[in-house]
Amino acid sequence: MIATRLQSRLLSHRSSHVQATSQLKMTMSTISKNSDKEVNASDKKSNARKFHTLNTDTKYQLCFLRHGQSTWNRDNRFIGWTDTPLTDDGVLEARVAGQMLSRSGMKFDEVHTSLLRRCIRTTNLALMEMGQEYIPVFKNWRLNERHYGDLVGKNKKEVVKEHGKDQVKRWRRSWDEPPPPMRDDHEFHPALDPRYYDVLDKIPKCESLKCTLKRSKVYWEREILPGLKEGKTILIVGHENNLRSLIMNLEGISEKDIINLCLPRAVPLAYKLDENFEPIGRPDGKLDEATGFLRGEWLGGDAAVSEILDRDRKQVYDTSVEENLEIGDDKEKWRKWMHLAVGETTQPEMKAKSSEIGDFFKRFGKMP
Amino acid sequence: MKSYLKACLFLSLSTLTLATRPWGMTALNVRGGGSGIQEKEVKDEKVKGPCTLILIRHGESEWNVSNKFTGWYDCPLSEKGISEVKQAGLLLNEAGIKPDIAHTSYLQRAIKTLQLVQEETGTMWIPTSKAWQLNERHYGGLTGMDKVETVEKHGAEQVLIWRRSYDIPPPPVLADSPFHPKNDPRYAHLEFPEEFTETLATTLDRVLPYFLNNIVPDLKRGKTVIVAAHGNSLRALVKHLDGVDEDTIVNLNIPTGIPLVYHLDENMNVIPSDNGIAPLRGEYLGNQEEVRARIEGVQNQTKK
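Protein chains in written order, with the UniProt record's numbering: chain X, 1 to 368; chain P, 1 to 304.
Bound conformation, chain P alone (with noise of 0.2 Å):
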């Protein structure tokens, strides 16, 4: 009996992903990994209630500090990067807040951010998945360009329009440039056209998805799920949690390596903190004049 409902769950989980999942997605959908959680889904399947989402960035990488459009790139976190992160870890285990459930991106800048937490908060054997929707907006044929160069050369203006619009792409990168995902050996088992971008928009397009089928339900289970990503990937993500308009939300600032902390109803619905800093309603954990200060600080990278 107990095979025949492990079954019934397998198959009604796995015809909800399959639409967008990949093979590099992991653990909980896939094949009885994890920690043998799945050997325990359904006698968990009545437990309800408030659910914790922590969202983080991930930290300052060397492209951050040369100041280049980074997209798809696979660049390491820079010194300052890896002690930004271990610090977010700390600030989980002051909040008390250990994840059950992790998502990160296929980028090492992410990976590593989320690894650094788990060392911290003592979750290293919690079930990962590695998802490509969750990769930072491909900034197409401006990938590996010098954020002032760029400027320099198309304009102030331009440039504001192409990083900070909603759905006015950048240039395509071209088939044969070493940015194109085709000629990444980790995006093998996809398809891309040939001229490539993205837009906020069509990063939301990709992450929603992946967020209502992958991370939802686990959330509905009550776990506490963490995402490490990236600025555009979570930008998508709480314009959906909260709300944000189109105009504000490409204005808006996360900072690098703070965790951001959602509380969830059973219905999914964002339980308000006295924290949210608006237009946001989950919470930044930390000493807020600081926090603050870091979502000011991110708009200065276009001037010298």
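The following block holds chain X by itself, in its conformation from the complex (with noise of 0.2 Å):
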């Protein structure tokens, strides 16, 4: 119907146009899917990998990260599922972290994230940053945070404090002890929140990262899996929790050492992954310095990562600092470099630092 439609409206044209709209009769049928292009014959990966890549500078396939700082953060308590915001820190950790990304030359096919805004919001940034906002982000609650029971809310400190720092410790890294379960009455309880009232039955209580594991291990077989295989390059933008239990899964890390591997915030994780996408180790084989336990690559470096890990530690655990790590003098010669390298706004969602420079220049040597 569509194409007669375009014939008589070329029939009962009269101008010198018709040869230009005569082009245009292709148009519709002509912008089709390559969906179906052949494998090219000397690829030598395995025949499922039909898919073409946006990412044909690097060999990374797989890339996590964790969301910026949110207020909840800053303020050095349990978050859990609770919605809270990025900070103008938060903001800054994800500009920085889609400059590292894009700087590594990575390019995206698709995004998976949680539910909840200091994810949604960091891949947005980093997209941006990127220059890759027109991919698709699928957001699940399957890659939420580990639910922390009755502890959210309680500052992380305090608890320990009151638990112990071993109790502490157990509840956030441990493989199978959960922290207590969350009241009914929780004022931050999920079931009083929109975004789950199709997934009610499946709301915990609480979670051990056994329990995390359970149900994001259904999603990466789901709909990561399949995509890596098809040849696609992914990146997850998760929580500290959920991403751990991933990284697990992929690096086949025991129950007993789990419990030693931390992340830090907004630092992109890169993987080589081989047939089995099974993780590729580093050219010297050795496991990355920060935590001695991955194969994959810190793009920020291990030094940095290595930092953030032991202030982190000293936020919750170390009860001689009464000090908030996460505010304060560092925090400010931080905030002026990283001022330095992404550019200081007032508007961060306008446009990328590299977007001054951009790719546009770069591929036709010259400015719009």
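Using 25 Å as the maximum straight-line C-alpha spacing, the simulated DSS-like pairs for lysine-lysine come out as follows:
(1) P:K182 - X:K59
(2) X:K202 - P:K223
(3) P:K182 - X:K50
Chain P is faced by these chain X residues, among others (derived, beta-carbon under 8 Å):
(4) L54
(5) E133
(6) P136
(7) V137
(8) K139
(9) R195
(10) K351
Hints in this document: simulated from the structure, not taken from any laboratory.
Note that the structure is predicted; figures quoted are calculated from it, not measured.
Beta carbons are placed, not taken as given, at the ideal position from N, Cα and C, and that holds for glycine.
Build the complex from these two chains, which are given one at a time in their own frames, with help from the hints.
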């Protein structure tokens, strides 16, 4: 029907534009999908990799990214599924992460993230810095942070003072010891939030890492692994414990050892994968120096990650440190360096720092 | 049983969308994306009735400011554009409208408009699809040219024909131009003719199937859908919704950053609003005097 309408418009048109419009007749039929493109014969990887990824400049296939600082990260409170927004520092962290990704040359085909705004806004800002805002972003409750039960809302250091360092470490990082379950009348109960209306029967009262892995693994196997098998390059923007569960699954970290793995905010962790979707280690065969567990590469460098993890550990467990390490003088210094790297702005969503030099100029040697 | 029904639903949805769905389209009809909406889809089947469609044209962009033909060039929003759309979010809040599902184009000015509206309305988590079919009309060889200069070069009448004709195309963009879609990786999965340009007619030819296949099914389920798009892609939509004729649609100005709300019945007919500004039967939110002034304002771009 559309073709005949185009035809009749063509026939009734008497001006000298007829030639040009006949070109247009082809438009709809020739803007077609290329999903049936032949697999490149010289492609030595698995035949299943038919997807033509945008990531042609690097060998990375998968990247994990933890969200930037949110208000309760700054206030050192247990968050869980509470939908806390990013702080200004968090916005800066997300933009810096985006710049790191942009400079690595990685291009993604899709992003998977949680339903929580700290991750979604981190995704938006990182994609902006990479110039890839157009790619699909899948959001799912299965990538939400581990549910912190009744600890949600409480100050981490206060809880350490009350229950002791070891108990809190086990609640936060062990394999199968969940925190106390959330009361039904808890102020931040997820059942009060409309976004979970269709999974009310799946909302846990609390979760250990084992429970988190159980639900995130379903998503990994249903959505992420098939995408990787097709040849897609995937970014997962998530939360510390949820990412720990996925990384544990990917790296094969034991239940005994997982308690010692922590992840920093907003530093991309990029993986190269072999034909079996196992991580390919670093060229020197060593694991990362920041955590000692990972074959993936920290795009910010191992040293930076070590510093961050050190600060995070002191922030929660070191009761001799009274000050809040998420704010203060060191943060001021960090902020100045970051502003140098990504530019200072009152409107972070407006445009990417990298767009000032930009893809366009690199490709065509001139400004538009 | 439940998974069998889910499989049937998935198959029927994917058949509907097969003709127009590039890999770039997300969530809803592809694989379990979104907040687990597909996990309850079967139970929602019987819910029908009035639904809400919100259309919003992206805020002022940098090339609006420098008065260039933009088309598919991915220019960012200006500072004014950002505050326009933040205001739009507040208007939606005041009207008590919360979208359930979102659609936008591949262009950052529309995507960011949607993101900022979602932040204000607390709906960042809703399933969001990005579709090239909702892109602005491509301006062919005029892309990147200053509107005033183009008038000086080709004459006001010719430029008016290119801008406001329903089906007379501007000169095409050539394959070696940076503005040809084949030179942009986001369109790598599509094929374009060597010389490419669009009219409002051909824009409608790509927007309408997308609307019917991907937006209408959710509207029929009673969902509130928000579409953040561009002047010409929204013109195509309102032409369909309000039955506007070709001569009127080419002169219709949809002001930037103001939510345009339609209520539709179960048969996808528009329920005319008391505040509709003819020929549209949907309602622009906000101060109506200001809205009318904004509608007039867009006309003056080729005048110095």
